[in-house]
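From just these sequences and the hints, can you work out the full model?
Residue numbers (our numbering), protein chains in the order written: chain A, 1 to 367; chain B, 1001 to 1440.
Source of the hints: derived by calculation from the structure; they are not laboratory data. For glycine and all other residues, C-beta sits at the position ideal for the given N, C-alpha and C. Among the hints, a few may not be true.
[Said to hold, decoys possible] Derived BS3-like pairs (lysine-lysine); straight-line CA-CA distance at most 25 Å:
#1 B:K1254 x A:K357
#2 A:K196 x B:K1245
#3 B:K1245 x B:K1188
#4 A:K357 x B:K1328
[Claimed, not checked] Which residues of chain A face chain B? A partial, calculated answer using Cβ under 8 Å:
#5 Q323
#6 Y330
#7 F334
#8 P353
As a plain string of letters, each chain reads:
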Amino acid sequence: MSTLSQASIDEFEQLTASFCKKSLLHYIDEHHPDGNFTLLPSLIDEACAIGIIAKANASAPGYDYGVWGKQTIDSKDAIQSSLIMLTTLAKTCASFAFLVHIQGIASHILIRNTIKNDYDYPLLILYDGFSPPYYSSLRNPSRMPINYTIENNYLIHTGTGYGYKPQYAIMCIPEATGWHCIYFNNTETILFQPLKTLGIRGLTYCARFNSRITHTVSVDIKTIESLFAYFWLGLAAIATGIAQSAYQKAIEYAGERYQRGSLIKNIESVQMLLGNAKASIEASKRALFTFELGDSSLILNHAAQTKLTATTLCSQAVTDCLQVFGGYGYMEDFGIEKKFRDCITLQTIGGSPFFMKQFIAQMEMEE
Amino acid sequence: MYTDNYLSLRHSKESLPILGKLLVDGKYQSLWDYDTTLLPRKVRKWRRRAKTFARQYIHPLAPVVDNNPYDFDPQPLIKEATRWGFQTIIMPFPFGSAALVPYLRSTTLQVAVIAEEFATECGGLALLLLAHHLGVAPLLLSGHIPTWLKFLLPMYIKGAWFGKPTTMAFAITEPEAGSDVEDSMGAKNAHIQVTATPAKGGYLLNGTKIFISDGAIADQVTVFAKIKGEGVDSWTCFLVKKGMKGFSVGRREKKMGQRAADASELIFDNVFVPKRNVVGKVKGGWALNQNVLNYSRPGVAAMALGHARGAFERALHFCNHNYYMGKKCIEYKEIQYELADMLIKLESIRMTIWRSCAHFRAVQSLSSIAKVYASDMAVEICQQAMAIMGDAGIHHDYGVEKFLRDARLTQIYEGTNQINRFAIIEHQWTTDIAMDYNNY
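The structure is reproduced here in C-alpha cells:
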C-alpha cells in the first residue's frame, strides 16, 4: 500500500489550482457559459500531460496518482488526492471536473483489468440511466441477455458532437452470470443523440448502438462496488467544489452590494443564508474526507452516504448563495445560476436522494 | 388499480344503507375536481376555461419557447388570451371580464385561479400573460375613476370587442434598488435613481429600470420614479407609452427559467410624461407599489403552485409509464409514498393561497405567507419529482427540470422570500398576541 504525505496531497491541489487559473478559466466565458468546447481537446491533453487525468498506460504521468489512478485501489491518500483535485477543478468548472472524473473512472476500469489504452483521449463510459442503483440488482445482477443492441442508454462522454468522436467506449453490464465490462473501440457505430439537461450541459448524450464488441471481461463484484463508490465520491467532491465557489462568490457579492442603505453582508437575513451555506459546506467536506479504506462494500456504503449527504447539503448551500444575489442570481451573467443547475444535477444523477436512501437502507439490512 | 377490489372505497360504500351512502364519499376523481367545487360557480368556469386554454395554447409552445425564447413572437398568444378574456380578468364589467359577484368577495381569487392553470404548463408563458396584470394593477388601485375611464375602459373595449390587446408592464426594480423597493421598512435608505423632474405640463423621467417582465413587448408601462431632489416618499407612478420620445428598451436578460417572458432593461432619457399620465396622486407611488405587491403575491404563489403541479403531473405520468427492474415505477410503495407526500404539499399550498384570497382586499401578511410558502414548497416538490424519476429527471424532454428552474424564480421576484418574511411579521407583530401577558 502506498501512502502520500500531506505535502504531496497539497502539491496535487496546487497543481490543479494552477491548471485552473492558467487554462481552465478561459474555458468558460460570456459567450460559452457551459464551456467553449473547441478548447476541450487541448485542455484534455494538458490535463493528461500534467497528470490530473489518469490514463491506462504505465508511462503516462497520471497513471498512479491522477484522478482515480492505479494507487486509488488501495491507498486512502490517493483517493483523497483525487477528491481534492476534483473539488478544486469544480470550483472553476463543474463540467470539466465531471469530464475528468468520468475519464478517471473509465481509465480505472482499464487499469483494474490490465488493459492498456493506447488510444488518445477521449474515452467514454456508458451506463443505463433508466436503472436506479438498487442494492439487490447490484449484488444479484440478472438483467439482459446480451445481444448488445442496447437502446436508450445514457452516455456520459467527453465532448462528442463538439468536433471529435471518442475512440473507446466502456460499459458495465449486469448479466445473469455476474457483472461484465464490455469494450468498444469502434464508436463509429454508436449513434449519438445530444440530450439537453438541467446542468453539466454538453456532456450527456443518449446513445443507441449496435456495435462490434472488442473485449468482454468478467469483473468481480468488488471491482463494480469500487467503481460505484468512486463514481459517487467523485460526484460528492464536485458538488462540494461547486458549493465552495458559490459561497465565495456570495461572500464577495455581499461585500459589494448595498440594500437598505448598507452592505447586504450586514443584513441579518443575508447573514443567515451565508451562515447556513457555510455550515452545509463544512459538513459536506467532513463527510467527504472522513472515510476508512477497507472492504469494497465498506467504501461503497460510505460513498453512498456521502453522495446523499454531500450533494444534498451542497445543493442547499448553493440555493442559499443564489438567494443572496436576489434577481441577479437568476440571470446567467453572474454564473451562480449555473452552479445551482450543476449542483442539482449532481444530486440527481447516478442515484437521486430518493434512491440513495433506499440503497443505504438495503445495504445496511443485508449486512 | 383498486377499483375492482372488494375492499375499495367505492365497493365498501355499497354495503351502507341509503342514508349512509349519501353521507360518505365514494368518488374517484382528481383533487383538482374536488377543489374546483369549493369555488364560486363563475370562478369554477374560469378555472375550467383556463385549464382548457393552457392545454390547447400554452402546452404545445412551452418546450419550443424555453429553448428559443428570442425567436418567439408572443402576440398571437396574447391575442388569443385576450379573446378568451384572461387579459382583462383583473376587473369586472365594464372595465374587465372578471365575474362580478365573486370579485366583490375577493379581488385576487380569479387571477390566482387562472395563474395556477397557466403555470402548470409553462412558467414563462404564464408570466408573459400575467405580468400584464401587474402593469394594470396601479391603474386599478389608484381608485381614480377618471383614470379607469381614460385607460382601463379603452383597453377593455379594444381587447374584448376589437381583438386588439394592449400589453402592460410594471417597472419598479432598478440596478441599485432591487429588494429595497419591495421592502417597506428598508426603503427609506434605498438608492433610487429614476427621477422625475417637474417640467411645463408634466415631468421629465430619467434613469434605468431593470428586470422588467414584458418590458420589451409592453405597449404601456407603469413606471415609478422619485421627484428630483426628494426621497422615496415622493415616489410617483407614471404611465409611459411605447414610442414616447427618449423611452427605449435596453438589454434583455438571459434567465435560468421562465424564459418565454422577457426581463428587460428600460431606459428613460428625458422622457416627457404629461401630467394626465400620472397614475393616482403625485407622491402617492409608494402606497400604490406596496399594494400592487400585496395584490400580486397570491398570483405569484399560484404560479409556484402551478409549477409544482406541473412537475407532479409529469412525474406521475413517468411513474405510470416506466419500469424499474421489470416493475412499473408506480407499483413501488416507496414511490407511492413520495407521490403522496407531494400531493399533501400541493393541496396545502392551494388551500393557503385560496385562504389568502378570501378577503375582498389583499391582506399583506396573508399574501406574503402564501407567496413564501408556495414558492418554497414548489421548489421542494420539483426536486422530489426529479428524484423519483432518477436520471430522467434532469432531461429537458421530460419537462420536470424546467419546472424546477421556473419555480426557483418565484422565491425571488415580488420580493425575495426573506423580504416577504419581514412583510409578514411587520404586519402582525403588534396584533398577533392573544393576551396582555404583562398583566396576566
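Tested hints:
1. B:K1254 x A:K357: Not satisfied, since the Cα-Cα distance of roughly 36 Å exceeds 25 Å.
2. A:K196 x B:K1245: violated, 43 Å
3. B:K1245 x B:K1188: Not satisfied, since the Cα-Cα distance of roughly 31 Å exceeds 25 Å.
4. A:K357 x B:K1328: holds, 20 Å
5. Q323: holds, 6 Å
6. Y330: holds, 5 Å
7. F334: Violated: closest Cβ of chain B sits about 11 Å from A:F334, beyond 8 Å.
8. P353: holds, 5 Å
Violated hints, listed in ascending order, are 1, 2, 3, 7; each of the other numbered hints is respected by the structure.
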